[in-house]
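With the sequences and hints as input, model every part of the structure.
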Amino acid sequence: MNLQQLLVQSIKDKDQVKINTLRLLISEVQKVEKNRQKPNIIKIVQKEISKREESLGYCEQMDRFEAAIELNQEIDFLKTLLPEQISESFLITIIKGEIDSDGYAGLGDMKVILSRVTKRVEGSISPSLIAKHCKELL
Numbered sequence: 006m007n008l009q010q011l012l013v014q015s016i017k018d019k020d021q022v023k024i025n026t027l028r029l030l031i032s033e034v035q036k037v038e039k040n041r042q043k044p045n046i047i048k049i050v051q052k053e054i055s056k057r058e059e060s061l062g063y064c065e066q067m068d069r070f071e072a073a074i075e076l077n078q079e080i081d082f083l084k085t086l087l088p089e090q091i092s093e094s095f096l097i098t099i100i101k102g103e104i105d106s107d108g109y110a111g112l113g114d115m116k117v118i119l120s121r122v123t124k125r126v127e128g129s130i131s132p133s134l135i136a137k138h139c140k141e142l143l
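If you count the sequence shown from 1, you need to add 5 to reach the working numbering.
Treat the hints as calculated values from the structure; they're not laboratory data. Predicted, not measured: the structure shown is a model, and the values here were computed from it. You may find that some hints are simply not true.
[Claimed, not checked] Label-pair restraints from in silico Cβ distances: (1) 52 to 112: 39 to 47 Å; (2) 74 to 40: 30 to 38 Å; (3) 92 to 58: 16 to 24 Å; (4) 21 to 97: 23 to 31 Å; (5) 102 to 72: 35 to 43 Å; (6) 105 to 68: 45 to 53 Å.
[Claimed, not checked] Straight-line alpha carbon distances no greater than 35 Å define the calculated DSBU-like cross-link-like pairs of lysine-lysine that follow: (7) 36 to 23; (8) 52 to 140; (9) 43 to 23; (10) 140 to 101; (11) 116 to 19; (12) 17 to 140; (13) 101 to 116; (14) 137 to 19; (15) 36 to 84; (16) 36 to 19; (17) 23 to 101; (18) 17 to 43; (19) 56 to 101; (20) 84 to 48; (21) 19 to 52; (22) 48 to 116; (23) 101 to 52; (24) 116 to 84; (25) 23 to 137; (26) 19 to 140; (27) 56 to 43; (28) 84 to 19; (29) 116 to 52; (30) 52 to 39; (31) 137 to 56; (32) 101 to 39; (33) 19 to 101; (34) 116 to 17; (35) 43 to 124; (36) 19 to 48; (37) 23 to 39; (38) 17 to 137.
Don't be surprised by glycine CBs; every beta carbon is placed ideally from N, CA and C.
Set out below in structure tokens:
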């Protein structure tokens, strides 16, 4: 089901959180298309999740609990649009395999490892988690 179909279904269901989130997401996709680029929906969804997680932190600091609840609902919905997530233990196994395969040893090699691992698991786990585990293992 594409984003437009999801939006139509959300309108029929009168689910305001999904309606607002999908409209914003469609807008972001259209911005990318306007720049004559092919949109990568997974990256756009991940970016939107990151934005909302950052906003969630600010809402909690300012005791805006109603806004925080809505942001949590939006994050949960956006996560359903992503492919199935891999476990952190499997990610660590992939990173160790990359490190061992070419004998990488230090943080200077981190960029190469990040690039390779990110291509292998694209959209299946947060890029910040990939970076965190790479740094720990090097």
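Cross-check of the supplied hints:
no., hint, verdict
1, 52 to 112: 39 to 47 Å, "26 Å, violated"
2, 74 to 40: 30 to 38 Å, "34 Å, holds"
3, 92 to 58: 16 to 24 Å, "20 Å, holds"
4, 21 to 97: 23 to 31 Å, "39 Å, violated"
5, 102 to 72: 35 to 43 Å, "42 Å, holds"
6, 105 to 68: 45 to 53 Å, "48 Å, holds"
7, 36 to 23, "20 Å, holds"
8, 52 to 140, "22 Å, holds"
9, 43 to 23, "24 Å, holds"
10, 140 to 101, "11 Å, holds"
11, 116 to 19, "45 Å, violated"
12, 17 to 140, "46 Å, violated"
13, 101 to 116, "15 Å, holds"
14, 137 to 19, "39 Å, violated"
15, 36 to 84, "21 Å, holds"
16, 36 to 19, "26 Å, holds"
17, 23 to 101, "38 Å, violated"
18, 17 to 43, "29 Å, holds"
19, 56 to 101, "30 Å, holds"
20, 84 to 48, "12 Å, holds"
21, 19 to 52, "25 Å, holds"
22, 48 to 116, "19 Å, holds"
23, 101 to 52, "27 Å, holds"
24, 116 to 84, "26 Å, holds"
25, 23 to 137, "31 Å, holds"
26, 19 to 140, "45 Å, violated"
27, 56 to 43, "21 Å, holds"
28, 84 to 19, "20 Å, holds"
29, 116 to 52, "20 Å, holds"
30, 52 to 39, "18 Å, holds"
31, 137 to 56, "19 Å, holds"
32, 101 to 39, "40 Å, violated"
33, 19 to 101, "47 Å, violated"
34, 116 to 17, "46 Å, violated"
35, 43 to 124, "17 Å, holds"
36, 19 to 48, "27 Å, holds"
37, 23 to 39, "24 Å, holds"
38, 17 to 137, "41 Å, violated"
Of the hints listed earlier, those the structure fails to meet are numbers 1, 4, 11, 12, 14, 17, 26, 32, 33, 34 and 38, in rising order.
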